[in-house]
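Given the coordinates of chain A, assemble chain B onto it according to the supplied hints.
Protein chains in written order, with the UniProt record's numbering: chain A, 1 to 818; chain B, 1 to 818.
Incorrect hints may appear among the rest.
Since copy identity is lost for identical chains, a pair holds within one copy or between any two.
With a Cα cut of at most 25 Å, we get these calculated SDA-like pairs of lysine to any residue [claimed, not checked]:
no.	residue 1	residue 2
1	Lys749	Glu723
2	Lys537	Arg249
3	Lys384	Thr279
4	Lys537	Ile467
5	Lys706	Glu100
6	Lys562	Val302
7	Lys283	Lys749
8	Lys768	Asp530
9	Lys384	Pro403
10	Lys153	Ser757
11	Lys283	Val424
12	Lys401	Arg197
13	Lys749	Cys301
14	Lys153	Ser738
15	Lys209	His462
16	Lys761	Gly360
17	Lys101	Lys401
18	Lys283	His462
19	Lys401	Thr381
20	Lys401	Phe107
21	Lys283	Val270
22	Lys337	Lys768
23	Lys761	Leu739
Since the hints were derived computationally from the structure, they do not count as laboratory data.
Number of protein chains: 2
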Amino acid sequence: MTGDISEKSSLQCAQPLMYTDEREKEDFKQLTEQKKSEEPVQGRWARFNFCSPPWRTFFLWHLGEEWIILILLGIIPAIFSWAMDYGIEFFLHSTIWVYEKAHDHVFLQYLAWVSIPVVLIIIAAGFTYLVGPQAAGSGIPEMKAIAKGIDVKGHLSLNTLVAKIVGLTFALGSGMPLGKESPFVHIGGICAAQLSRFAAYIGKVKESKAQRVELVISGCAVGLACCFGTPAGGLLYSIEVASTFFLVRNYWKAFFAATISAFVFRFLPVCDGSFATITPLFKTWFRQEHPYELLELLSFCVLGVLCGLAGAFFVFVNGVMVRFIRSERRISQFLVKTRVLYPALVTLVIATLTFPPGFGQYMAGELTQKETLYALFDNYTWSKHLQEDHFDPSDHSVAWKHPHVNVFGTLAISFIMKFFMSAVAISMPVPCGSFVPAFVIGAYLGRLVGEVAAVVLPEGIHNNGTIFTPVPGSYAVAGAAAMSGAATHTVSTALIVFELTGQINYIFPLIFSVIVANIVAQSLQPSLYDTLIRVRKLPYPAELTWGHHNGPSIQVEDFMVKDVKYITLNSTFKDLHKILFSRQFKCLPLVKSADSMILLGSIQCVQLRALLSQHLSRARQLEYLREDERKHSSIPTSEDENEKDIQEVSPLKRPTARGFQDSDITLKTLLCSHSIVEGLEDDPDMEDTMTKKEILEWEELQLEDKVNFNDCKIDPASIQLLERTSLQKAHKILTMMSLDEAYVTSAGKLIGVVSRSELRKAFETLAKVRAPVTHPPMETLRETRTRCRNTDTPEATELHSLLGSESSLDQPAEPEEK
Amino acid sequence: MTGDISEKSSLQCAQPLMYTDEREKEDFKQLTEQKKSEEPVQGRWARFNFCSPPWRTFFLWHLGEEWIILILLGIIPAIFSWAMDYGIEFFLHSTIWVYEKAHDHVFLQYLAWVSIPVVLIIIAAGFTYLVGPQAAGSGIPEMKAIAKGIDVKGHLSLNTLVAKIVGLTFALGSGMPLGKESPFVHIGGICAAQLSRFAAYIGKVKESKAQRVELVISGCAVGLACCFGTPAGGLLYSIEVASTFFLVRNYWKAFFAATISAFVFRFLPVCDGSFATITPLFKTWFRQEHPYELLELLSFCVLGVLCGLAGAFFVFVNGVMVRFIRSERRISQFLVKTRVLYPALVTLVIATLTFPPGFGQYMAGELTQKETLYALFDNYTWSKHLQEDHFDPSDHSVAWKHPHVNVFGTLAISFIMKFFMSAVAISMPVPCGSFVPAFVIGAYLGRLVGEVAAVVLPEGIHNNGTIFTPVPGSYAVAGAAAMSGAATHTVSTALIVFELTGQINYIFPLIFSVIVANIVAQSLQPSLYDTLIRVRKLPYPAELTWGHHNGPSIQVEDFMVKDVKYITLNSTFKDLHKILFSRQFKCLPLVKSADSMILLGSIQCVQLRALLSQHLSRARQLEYLREDERKHSSIPTSEDENEKDIQEVSPLKRPTARGFQDSDITLKTLLCSHSIVEGLEDDPDMEDTMTKKEILEWEELQLEDKVNFNDCKIDPASIQLLERTSLQKAHKILTMMSLDEAYVTSAGKLIGVVSRSELRKAFETLAKVRAPVTHPPMETLRETRTRCRNTDTPEATELHSLLGSESSLDQPAEPEEK
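Pulled out of the complex, with its shape left as it was, chain A reads as follows (with noise of 0.2 Å):
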């Protein structure tokens, strides 16, 4: 019952413009203002009735403005971030504290360096599974579907967001390889949905869902902004990973979204005195002037290709890992059992590992991640600083230094452990991203290359008489740029390292990097994100990104919803009325006649109503009465024989003395606050001119009447599939064209009507069914299809079935697993 149309919010321009002539649309708009302003709100905000009526005119209505809610959307995303990093910071120098307070004891500084982080995992994985289990991982796979306008379930929703925020702070706090970022593009885009939200119960106005998705992207953007404090870089990765095509007036809103969180991100250290002013996360100091000979290009490029292949094959040993946990059935029911376990066990051998009087002396294992990757970042080159006695107590590198490994060691075997440490520690069920992880290894690689570039040439390369030194801090940055970048294919890695280093001169040796890391990586692997999609088995339109295949060919006649609900050219007040308190969609289709099921095309409900309500309208009444007093000036009518004939003839019940009682549903609820209400209500001489049996009476008669449609506004350039339309050609219109449903027709017939949620049962299906990398069993259900199409076979019926239900769905996913 609230307003369809959108006027109020200015995020309205996703929405088709249904009305071709604006001047129309203001016309319909004053006609439909009126009523908006009483009727009922729906969803979470409704609850929040916390502001008076003029206030609400004069604050709360500009609250729901665009501009305010994009502040809104780079704000609070940016206090998480902060907070949350006060929080990790916190517990991660509790470890250490403890660590350092048991110094004369190896084995209680074991006991301390191991039981906080796997209290703190044992924590993250519980909070998460009881508060919300979908806050689990990065969030990111989902994120991408629902950027393609299919709505994974509960990914939006405020227990994902408590859930992500606490499992995350204890996760990283734990100390384990995890990363922030990803996670907190998911946050971003629950930050998003639920202003999305909050700006539509604001502005009065029913959420469009195409208008959701397009903020949820910006709240992705925002979500990286906040978290490296990276503005542009934080937009490209976002429109990357999350989207197959991108509107551009999206992009200026999600710049400055972005631009606003990664400001507040970097503001509030300044604020609480952590900082003197603005700087960037991991400012570099690399030479300004000649920073690289252009022979280093090519060992930037050699770089880049070790960093895709280890892309690719950090997401094939992730792929393994998820897939093996899910796939061995006994294995995956012990693990859903003792959910904590899994990540305690993978928590008590990291830290294990990690633990620096034991085999962490050789991987700096006492350094947090950030810490890492200051020192990896830095501007020194090891292989002669580490030589040197004088460290300053800040000097992370200092960590690396062994006494009987070298510096190549020690960054070989951190780089090894780390990376498989990484692998793994991902697959934990708390939220977690694997973007800093592979951001880390990269970092690790780098310095090694660095390294071995600047022993190769310790006298640099003269050139034009200036000398140029390899710095090993720049292929470290290089090489975390180059292997985020491979593992979750894009290239905007390149700009965040920009803008988290603060430092752009060495932007051709970096972007090659990324591009021929990327080039490597995309021609072995899908993406972390696309690995994960496919073994979670997540809706997803699938032949967009990958070109391996284009999915079994399941048309719109598959999952088209066929009991249309539509009005015919001769449809009566009644019919009307009948279908507008089915309420199935926003429009509702006319067709010709019932018989031919022409479609002539598409009527939006609240009109439908208002047409409505004006035919019961209370003009129409006393209208009515006059004319009726002018024929007979009394009419000699039995009260009893009445109320007989009117419960006999309607299914409307009698309305008590003010308003129609509690069980009196259909026309109460379709125009509760409309003009029939309201007349019997607000105006007494109703009551003496007409009684309400003479009321009811009148309107079921007024009910027969046939409803004239030239006053209404009919979109007739609704888009329209044909029954044997492809699934993703279909999906491929919805979201491109920004529409919520669509009719079906055949040789202009209406038959059908898909709406986004048939769309998303549809891939969900086909999730279930597709094969994690063969391809026969997509050859084998599309065979199946063609034979479903010839003959009404067993199997089209289960196919039918299959695609009807999702119940049903887990069987013929089984098979496949193994």
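This is chain B only, laid out in the frame that chain A set:
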């Protein structure tokens, strides 16, 4: 007759999937493969048949691959850009050299200072007029239209390319305040279009318009990247300027090409020894640690507001200028007659104003644009620095030192003079851009604000023991980004200056000033390019960018092609043959019957041709013969009789001994390289078993057969438009779904077809009747249309004829221009 399925081009991703089933596509590929290799190739490149077949197979085939095309797209404009910089520098230094040689005679100096630019501009204007008049101006408005899928004639031709390159070199060599960047966006687009044609030639496929548009957008990114050496900024700028939606797969391609281009552009000066290594174009040396105090953000926002106002005013002045030239009939006619007079006059005035011993002494007139930017971005505080007396020769800022006017005076004079000079200069009919003029003006304004800030805070701001002194150069950089962003309504200028200066530490002040400037400018004026689009009346789908109005509600039925060629289920091969010969589109619609006109789907012409040639194939001939022989062991036929029969029955002429005569256009054109002709040529047995007359007779007989479409792949999901779909929506569907044409149906009946050329014509018409600023004419047109729809008034006829033909369009445009 070229192959319509682009299986050899890897650029094919833009093409909508015509065949839902990959395997079926494979089959069809194999079916058409052998025919394709003999099909003649059309287009410009067909003339240069420079490679022998084996070469072509092994070398040229790969040359058409996407990554090669992208690399070429990166390299070619970069080489143009580098070579042009040489030419421009030569002309600029020649002027200075002659000016300095005549240092004793002020009049001679003036002559040299004025005459050389005038001559150069005359050459530029004349050459542009003679070779490619489309090359005048920046070309970005046209690229915007092209990026929206609306062809603007002649703007992607080689003539235009030559005119643009030569004209731009001469125009910029004159030292006028013109830009190189926007024309280079156009040059990049032309290179992309030509390479797309080249790739289609190499790959032996027909060029897809949708694919070409994608490559052209990449070309735009390349254009900016190879002018500034800014890959990421160039890419985003081209997205913001040229697109309203953007495919992410294209982002990757554009990023790749733009990186190569920027690298080559910066690498070539290293090769020729100008630079020791790759550096940013306008490298800055601002302090890295504590670059700015947080309070300075406010002054940057003030600068943003000023730049926004100035940017909007710049657009306004330029618009007034261009409109004045175009609207005053006598002036425009005079200017058209004396083409070079206007640019010569403008150059004379501007050169006189900048004459260094004259008024130029107050505005650093002797500096070129590049030197001006070097000076404005330098690291000094001029108000202090210019008080001192020790300057090195490379210190261009000394040009603003004047004995009687202080630095604020000279900067203010420079800003105001350059502002108006630029606004006038970019209205000259030579290839020139407005981005760099706006950039330079913004740098002036920023430097002015920065110098004021430095004077207001001479001691800097003390905070936590750190002294933050304002750096006027950073304000100049921010001003440049904000002003160019405000004029063009883009935010990616921030990214451009990061890459251009090689420093990213001013990220937040810069982004904030750009965003603020954009907010101010966007609320005051349309962008520079949108203004030009309106003034020049380019065909452009307006509603997507300007929110002011929706344009008159032109609907599909007003501009669709009503005379559609179609095939029916009852079509004979003869009908097929006739229709295929007409070659209206790539696909043919299949309707149920000619009476019902119910659209069933569409079939690719290639397929129909294959059907036809298969039906007339030698195999079937032989089969027929065998069957024939079985029935009658000998066939007594009089040759004369037969011949007479054939000539009566069919329009086909008799074939010569080997194949058909040149005048036998029908079958030959259709099937020139297909099986019949091959059969006749290759198989001498054929002539023994069947005479040519018999063949023709047999063919005639075969053509009477009904076509069996069972083996055809009918595309059922072709997107249908309804006759009342609005123009804007039809355009959106065609561009978003990457279609070249769409069928129009009414209640399932085929009534027309709309292709991109119809859209272009409709938009052209709209542009002609579109009022520059005010709404009334549109309202009028809308009312006219409403009346048209209802009655067959003379107005309706007029409007429809207006929409149908291009020649009669000048009349309605006249009254609104004044």
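Right, here's what the structure says about each hint:
For the identical chains of this complex, lysine 749 and glutamate 723 are neighbours both inside a copy (11 Å) and across copies (16 Å), given an alpha-carbon limit of 25 Å. Only between protomers do lysine 537 and arginine 249 lie at most 25 Å apart by alpha-carbon distance; the minimum there is 24 Å, versus 32 Å within a single protomer. When the C-alpha separation of lysine 384 and threonine 279 is checked against a cutoff of 25 Å, the pair qualifies neither within a copy, at 29 Å, nor between copies, at 28 Å. Taking CA atoms no more than 25 Å apart as the test, lysine 537 paired with isoleucine 467 passes in neither setting, with 55 Å inside one copy and 57 Å between copies.
Within a single copy, lysine 706 and glutamate 100 get their C-alpha atoms no closer than 86 Å, and across copies no closer than 91 Å, so neither meets the 25 Å cut-off. Taking CA atoms no more than 25 Å apart as the test, lysine 562 paired with valine 302 passes in neither setting, with 57 Å inside one copy and 60 Å between copies. Neither within a single protomer nor between protomers do lysine 283 and lysine 749 lie at most 25 Å apart by alpha-carbon distance, with minima of 64 Å and 66 Å respectively. For the homomeric pair lysine 768 and aspartate 530, the shortest alpha-carbon distance inside one copy (15 Å) is at most 25 Å, but the shortest distance between copies (49 Å) is not.
In this homomeric assembly, lysine 384 and proline 403 come within 25 Å of each other (Cα to Cα) only inside a single copy, at 15 Å, whereas the closest approach across copies is 55 Å. Taking identical chains as interchangeable, the C-alpha atoms of lysine 153 and serine 757 lie at most 25 Å apart only when both belong to the same chain, with a minimum of 11 Å there against 44 Å between chains. Taking identical chains as interchangeable, the C-alpha atoms of lysine 283 and valine 424 are never at most 25 Å apart, the minima being 30 Å within one chain and 44 Å between chains. In this assembly of identical chains, the alpha carbons of lysine 401 and arginine 197 never lie at most 25 Å apart, being 54 Å within a copy and 59 Å across copies at closest.
Taking the closest pair of Cα atoms, lysine 749 and cysteine 301 never come within 25 Å of each other, the shortest separation being 59 Å inside a single copy and 58 Å across copies. For the homomeric pair lysine 153 and serine 738, the shortest alpha-carbon distance inside one copy (20 Å) is at most 25 Å, but the shortest distance between copies (31 Å) is not. Taking identical chains as interchangeable, the C-alpha atoms of lysine 209 and histidine 462 are never at most 25 Å apart, the minima being 60 Å within one chain and 50 Å between chains. In this homomeric assembly, lysine 761 and glycine 360 never come within 25 Å of each other (Cα to Cα): the closest approach is 48 Å inside a single copy and 72 Å across copies.
Proximity of lysine 101 to lysine 401 under the C-alpha cut-off of 25 Å is restricted to the intra-copy arrangement: shortest distance 23 Å within a copy versus 66 Å between copies. In this assembly of identical chains, the alpha carbons of lysine 283 and histidine 462 lie at most 25 Å apart only when taken from different copies (22 Å versus 28 Å within one copy). Only within a single protomer do lysine 401 and threonine 381 lie at most 25 Å apart by alpha-carbon distance; the minimum there is 13 Å, versus 46 Å between protomers. Only within a single protomer do lysine 401 and phenylalanine 107 lie at most 25 Å apart by alpha-carbon distance; the minimum there is 24 Å, versus 74 Å between protomers.
With identical chains, the CA atoms of lysine 283 and valine 270 are at most 25 Å apart within one copy only, with a shortest distance of 15 Å there and 29 Å across copies. In this assembly of identical chains, the alpha carbons of lysine 337 and lysine 768 lie at most 25 Å apart only when taken from the same copy (23 Å versus 72 Å across copies). For the homomeric pair lysine 761 and leucine 739, the shortest alpha-carbon distance inside one copy (17 Å) is at most 25 Å, but the shortest distance between copies (28 Å) is not.
In this structure, the hints that do not hold are numbers 3, 4, 5, 6, 7, 11, 12, 13, 15, 16, in rising order.
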